[in-house]
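Student: Residue-level listing of the chains:
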Amino acid sequence: MINRLVVENLKHRPVRTLLTISAVGLQVTMILTLVGLSEGTLKDIQTRTRGIGADVMIRPPNSSAIGLSSAPMSEKMVAKMAQLPHVALATSSIEQSTDLFARYTGVNFDEYNRMAEFRFVAGGMPKNDDEIIIDEYYAKQHNVHVGDTFNVINTNWKIAGIFEPGKGARIFLPMRAVQEKTSNTGKISIIYLKADRPENAQLVKTEAKQLLGPTYPIYTIEEFASLLSVDQVPLLKPFTHVVIGLSIVFGFLVVFLSMYTAVLERTREIGILKALGASPVYILTILLRETAVLGIVGSIAGIILTYGTRAVITKFPASLTQIIVYDWWPIASGIALVAALLGAVYPGLKAARQDAIEALTYE
Amino acid sequence: MSNLIISIRDLKKSFRVGEVDVHALRGVDLDVAPGEFLSIVGPSGSGKSTLFNILGGLTPPTSGSVFINSKDLLAMSDADRTNLRKEEIGFVFQKYNLLPTLDAAGNINIARAIAGKNGEWDPEFKELIRLLGIANRLHHKPRALSGGEQQRVAIARALVNHPAILLADEPTGNLDTENSDIVLRLLKDLNERLGQTILMITHNPEAAAYGHRMVHIRDGRIVG
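Those sequence lines, one after another, are chains A and B. Using the numbering used here, the letters of the first sequence map in sequence onto residues 1 to 363. Using the numbering used here, the letters of the second sequence map in sequence onto residues 1 to 224.
Bear in mind the hints are in silico, worked out from the structure with no lab data behind them. Just to be clear, a hint being listed does not mean it is correct.
Claimed, not checked - For lysine-lysine, the following DSBU-like pairs were computed, each having C-alpha atoms within a straight-line distance of at most 30 Å:
#	chain 1	residue 1	chain 2	residue 2
1	A	K187	A	K209
2	A	K43	A	K350
3	B	K95	A	K11
4	A	K11	B	K117
5	B	K71	B	K95
6	A	K350	B	K141
7	A	K158	A	K76
8	A	K76	A	K11
9	A	K11	B	K12
10	A	K11	A	K350
11	B	K117	B	K141
12	A	K187	A	K80
13	B	K188	A	K11
14	A	K181	A	K76
15	B	K141	B	K126
16	A	K187	A	K76
17	B	K188	B	K141
18	A	K11	A	K127
19	B	K188	B	K95
20	A	K80	A	K181
21	B	K95	B	K126
22	B	K117	A	K350
23	A	K350	B	K126
24	B	K12	B	K71
25	B	K126	A	K11
26	A	K350	B	K188
27	A	K11	A	K43
Stated by the list, open to error - Residues of chain A placed beyond 12 Å of chain B at every Cβ, according to the derived structure:
#	residue
28	E8
29	L10
30	S22
31	N62
32	K76
33	M77
34	L84
35	K127
36	K181
37	L228
38	R266
39	A278
40	P280
Even for Gly, the Cβ is constructed at its ideal location relative to N, Cα and C.
Between the sequences and the hints, there should be enough to build the whole structure, so can you do that?
Tutor: Here is the structure:
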């Protein structure tokens, strides 16, 4: 019977119920979208890094695993690295960011292709210095096709080919042009080495370290991929915690307000229940159950909405990837439920403590 | 005292309204036998509602002695008074006080649920529903019921747990003459058929005449 009362109470004020459910849902969506974006984008970078086909990566001294946008190494190093005993192929790239989430990469197309082995869905390798290639995902996002003009670093480029994603960057430009346009002539950002045999990756890393000394961060690709985790990205974890904290406050306030107005509105009804012999715990239980229903339905709505945000983010110009993080469903729902229940405690106690006689005379 | 369902001696009740002490009851003595239909008549401010609230366990007495079904109200904690409302008392209010979100059956069943009872209504109660003439109105919400129907649902709710005492506070105060007569006749009928003890507070002498006995209250005292 108490459950029926809970449901009828929620149905009695459909707009308030819907708004509260939406607010709880948004709270869950906010958490799931942020976590899905963090993990999705990092996983996407991982996949694309593995797709380069390299076994070892050499990055500039003092560089972090994430966020590289400079070219401090000499391109002459590539030839030196190619001579290491167990290196089969060596190539390099120059990295520049277009915005917070997207970057473009300059490469020597033939050399890079030998390692990465591009597979084109349209067009092919550039033949001229004003041509670039982009991946299918980026092409769809920007609605561009082979032969179209695309502006990067204030220059119009012709799209020569659209390749299957997973080859490092999403946009590849001619290295020489990028070096010149960014005043980095003769400079590169990353060196990629392919070992003669995959099991020699560690050996190649050791050889490179011996040659370059300890100041250069040198990783096998698998080591580098393992660094692409939420824990390793500076500020991502604190940022997630801040968003979770804000969502708790948000959920708490919304439910607090909703339940507070519900209690004020139902003063007389609470008096009736008390006259019928309902204890303060019984009254509190009704409100907490109502809140739990709002929290659970809101969480389910929030989870469903996450599929919507994923669809919207796919259309964003930035190269963001959101995945559905199933592990976080119970966590985000739990957070929303706890915040909602906390929000219901004060209104619930107010209701439970209400004087029955005053409540019964409330107009 | 053992053959009385209510025994009140020198009952006093004072409370503070703002900065003023109000002496609502100034020494009430009253005995009620089981199965009695007692009308308590008095003007506004006479203390009849305070008496109703004390007997219903909604507020504690200040001093004196009040026994309901041999239970001492003065010795009761808040929780004890909550149990008293649940087990011994059924309320009928002037404004019906049905929960607007539940239908008539829901309003009756919530009283049962609070008392920890579930399942089907017993045959005796089903007969009562028939007697009250609300059998075909059980799935309507209060807003779809007339005042008279709402009050009859409220009577059913008050009696669903078979309380020792039915307290009715101006049960016809919001009803027209026709519906007032129906409700009062029903109360009398219930008293006679079921032996239900009823205390009815009213300021209407015609309504009070339905009881076996009438007591008058004025300025916080029983005056006759």
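Student: Starting from B:K117, check that the Cα of A:K350 is at most 30 Å away, please.
Tutor: 27 Å, holds
Student: With 12 Å as the threshold, tell me whether A:L10 passes as away from chain B on beta-carbon distances.
Tutor: About 9 Å separates A:L10 from the closest Cβ of chain B, which leaves it inside 12 Å; violated.
Student: Holds or violated: are the alpha carbons of B:K117 and B:K141 at most 30 Å from each other?
Tutor: This hinted pair holds, its Cα atoms lying about 22 Å apart.
Student: Compare the distance between the alpha carbons of B:K126 and A:K11 with 30 Å, and conclude whether the hinted pair is satisfied.
Tutor: 29 Å, holds
Student: Sort out whether A:K76 lies within 30 Å of A:K181, counting only the CA atoms.
Tutor: The hint holds at about 19 Å.
Student: Given the hinted pair B:K95 and B:K126, is their alpha-carbon gap at most 30 Å?
Tutor: It holds: about 24 Å lies between the C-alpha atoms, which stays within 30 Å.
Student: Given the hinted pair B:K95 and A:K11, is their Cα-Cα distance within 30 Å?
Tutor: Between B:K95 and A:K11 the Cα gap is close to 24 Å, so the pair holds against 30 Å.
Student: For the pair we were handed, B:K12 and B:K71, check the Cα-Cα distance against 30 Å.
Tutor: 18 Å, holds
Student: Assess, step by step, whether the Cα of A:K80 is no farther than 30 Å from the Cα of A:K181, and give holds or violated.
Tutor: Answer holds: A:K80 to A:K181 is near 26 Å, not above 30 Å.
Student: Between the alpha carbons of A:K158 and A:K76, is the straight-line distance 30 Å or under?
Tutor: 29 Å, holds
Student: When you check the alpha-carbon spacing of B:K188 and A:K11, does it fall within 30 Å?
Tutor: Distance of about 38 Å is beyond 30 Å: violated.
Student: Is the nearest CB of chain B more than 12 Å from the CB of A:E8?
Tutor: 4 Å, violated
Consistency note: the structure conflicts with the earlier hints numbered 2, 8, 9, 13, 18, 23, 26, 27, 28, 29, 38, 39, 40.
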